[in-house]
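*Asks:* Between the sequences and the hints, there should be enough to build the whole structure, so can you do that?
Here are the chains, one letter per residue:
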Amino acid sequence: MTMKGERDQEYYDVFARRKADEPLEHIGTVGASDPSDAEVFAFKLYDQWKWTEQFVARRADIIEVVRTA
Amino acid sequence: MSASESNLDRVVPEDWSVTDDDEALAALVNLIVVLADNKFFLGRRISEWLPGGPSLESAVALAAIAQEELGHARALYPLLEEMPLVDTPGPLQRGAERERKYCLDCLAEPWEWWAEVVAALILVDPALTILFRALEDARYDDLRQRAARVPSEERFHRKYAEGRVRDLARTDQGRETLQRRIDGMLPEVLMWFGPSGEPGVAALKAQGLINSDNDEMRAAFQTDVFPMLEENGLRVEVGELPWKRWNNLQRKVE
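Respectively, the protein sequence lines represent chains A and B.
Counting in our numbering, the first sequence runs from 1 upward without gaps.
Counting in our numbering, the second sequence runs from 1001 upward without gaps.
Under the rule of at most 30 Å between Cα atoms (straight-line distance), these lysine-lysine pairs were calculated in the DSSO-like manner:
| id | chain 1 | residue 1 | chain 2 | residue 2 |
| --- | --- | --- | --- | --- |
| 1 | B | Lys1244 | B | Lys1205 |
| 2 | A | Lys19 | B | Lys1159 |
| 3 | B | Lys1159 | A | Lys50 |
Hints in this document: simulated from the structure, not taken from any laboratory.
Remember, it's a predicted structure, so these values are computed and weren't measured experimentally.
*Replies:* So this is what it looks like as structure tokens:
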């Protein structure tokens, strides 16, 4: 096995909904080097349903409004 | 595609309405087995690297890609049984079912380096997709329908491949390692589209079974892939292609 040369990774949160009238759910996270990788990894890792919509958002870009505990 | 298997015996021609041109039929058989075998061995070679994936996410994505490549092969092999010919090549399940393989030489043996995986993902897989796209108007319904699903699945293969190219190309050492693998694979991949004016492809095009000729497919591949490689500091200079070593039937460099 040899060098893979991975770049630094960040966490991306993955959101999806199964049907258009269902709420968007947080379904997990992926570690990725860029948004394009995050898109691929989320699509392949979280394929337990045939989603109607799926999104990734860089965790660092999500603004924390309330945090308890 | 090669028409050099035209000595195969025709059977039940009355059940076959796709083409009555012997040269086109032989080229069609060759086209299907070449696409299927290359998909099979691409999936097989990728699968051998699953334990070596760089991260959980990358390994899972790579496993899905391998599974889809093998799925594309499995979708094509049954078409060979529809051909009105005897002795068409049989399907591969483990890879050793028949002596003659119709895959690129760069897929024939396990890869020793991760850079070979990446080079194949960014060269071989897009080359196959170019050919699948050339079948989207084919008069042969079963082939057109099977070919149609491939490019949409390949969208994520391509994004994955580009990410791995960026991984390697970010350092001088990684970029040079990848460059060597690209230099090794690229001539054969370019030749895989066949020499200019190849009679088998001309027959397929005349019969409405493919929508591009050899040079058009090769040019489409270069337009599709070369800019991305160059953006990452990789060279795509191609000298004279070694056509004397080209095996037209198995579509590989010997």
